[in-house]
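Novice: Please work from the sequences and hints to get the whole structure.
For the record, in the sequence shown the residue sitting at position 61 is 52 according to the working numbering, with numbers rising by one throughout.
Everything labelled a hint here was simulated from the structure, so no lab data went into it.
All of these numbers come straight from a predicted model, not from anything done at the bench.
Take the hints with a grain of salt, since some may be wrong.
Quick list of in silico lysine-lysine cross-link-like pairs, DSSO-like style, CA-CA up to 27 Å [said to hold, decoys possible]: (1) K101 with K4; (2) K255 with K207; (3) K67 with K92; (4) K255 with K8; (5) K92 with K6; (6) K254 with K4; (7) K254 with K92; (8) K207 with K6.
Ranges between beta-carbon positions, derived for each pair [claimed, not checked]: (9) I161 with I66: 26 to 34 Å; (10) F220 with L173: 29 to 37 Å; (11) K89 with L(-2): 14 to 22 Å; (12) E94 with A234: 21 to 29 Å; (13) L124 with L(-2): 28 to 36 Å; (14) E9 with I137: 49 to 57 Å.
Every residue gets a Cβ at the ideal spot worked out from N, C-alpha and C, and that includes glycine.
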Amino acid sequence: MEEKTILSNSQIKSKAKEALKGNWGTAVIAFIIFNIVMYSVTYVYNINQISNYIHDPYLVRENAGFGASGIIFFIKLLLAGPMTYGITKFSMNLVRDKSHKIENIFEGFKHFSGTFIMNIVLGIYSFLWSLLLFIPFFVIVFVMVIREFSKTNMDLYSKGNDFSGWVIAIFILLIIVLTVALSMILFRYAMTYYIYIDNPDMGAMEAIKESVSMMKGNKTRLLLLYLSFILWYLLGIVTVGIAFLWITPYIKSTEAVFYDELKKSNDHNAHEAISTL
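Specialist: Put into structure tokens, the structure is as follows:
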């Protein structure tokens, strides 16, 4: 039986960089346009609020409410699914050495209903999993804080400074653990858009289920792949976000190569299973 060679994470990253050679300009422009479309409404609103505050801070306070925020949220909700589809399609075409054009990022609007539903469902799943993990966390933190402030004995309170340090340390540790745990859970949905792009006749829920199946046994590997970009994220922060113009296409292209490797592995395993029948 022929075995399928699986690329390591470093090889996957190398393959992504190879695909980006000679295509950095197009990739950077595509991601800039993606961010402009997704976040320009928020930027304009914030700038307008700052300008109004400078001229009349009392007027801004009186007019502040959920109206504008609700409109912005609704617009981003309409755009998120199709635009995520589009930038994913662009990255897939890039690493597959297919025709990759900036117009690819708008192709999701041809599949608006499917991508919209997909985004809504994934958002609901993310919200519910977050609640499930973080509600017990906040209960624990609340109890610890109440216990700390309920100390009335001054001697005990003075010794409690060390305990306060432990509370902070435990708080940070729990945040890290819960963030990793939530990421591992949500990684099951990470390949949804890729699967939907390869199977345009597939329904949104079916694509999500297929992603869950594909990511079985691969979530830790994806986590390690993302963690390998930590230094790149730090570089982006140090450069006040400028480096992210190149880092983001690199990460997305790497994710696309990761998907292709999983797909090839699954197709190979399915072929081998049929061959043994």
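Novice: Determine for every hint whether it applies to the structure shown.
Specialist: Status of each hint after checking the structure:
Between K101 and K4, the direct Cα distance comes to roughly 31 Å. Violation of the 27 Å bound is thereby established for this hinted pair. At roughly 15 Å between alpha-carbon atoms, K255 and K207 fall within 27 Å of each other, so this suggested pair holds. Proximity of K67 to K92 is assessed by CA-CA distance (about 23 Å); at most 27 Å being required, the pair is judged to hold. Restraint check: the Cα-Cα separation between K255 and K8 comes to about 20 Å, which is no more than 27 Å; the hinted pair holds.
The hinted pair formed by K92 and K6 meets the criterion: a straight-line CA distance of about 20 Å does not exceed 27 Å. Among the hinted pairs, K254 with K4 is consistent with the structure: their alpha-carbon atoms are about 17 Å apart, no more than 27 Å. For the suggested pair K254 and K92, the alpha carbons sit about 23 Å apart, so the restraint of at most 27 Å is met. Between K207 and K6, the direct Cα distance comes to roughly 23 Å. Compliance with the 27 Å bound is thereby established for this hinted pair.
A C-beta distance of roughly 40 Å is found between I161 and I66, which places it outside the suggested range of 26 to 34 Å. For the pair F220 and L173, the beta carbons lie near 18 Å from each other, so the given range of 29 to 37 Å is not met. About 19 Å separates the C-beta atoms of K89 and L(-2), a value consistent with the hinted range of 14 to 22 Å. Roughly 26 Å separates the CB atoms of E94 and A234, a value that falls within the hinted 21 to 29 Å.
As the Cβ distance of L124 to L(-2) is approximately 32 Å, the hint placing it in 28 to 36 Å holds. Range check, E9 to I137: about 56 Å between beta-carbon atoms, so the 49 to 57 Å window is met.
Hints 1, 9, 10, counting from the list given before, are not met by this structure.
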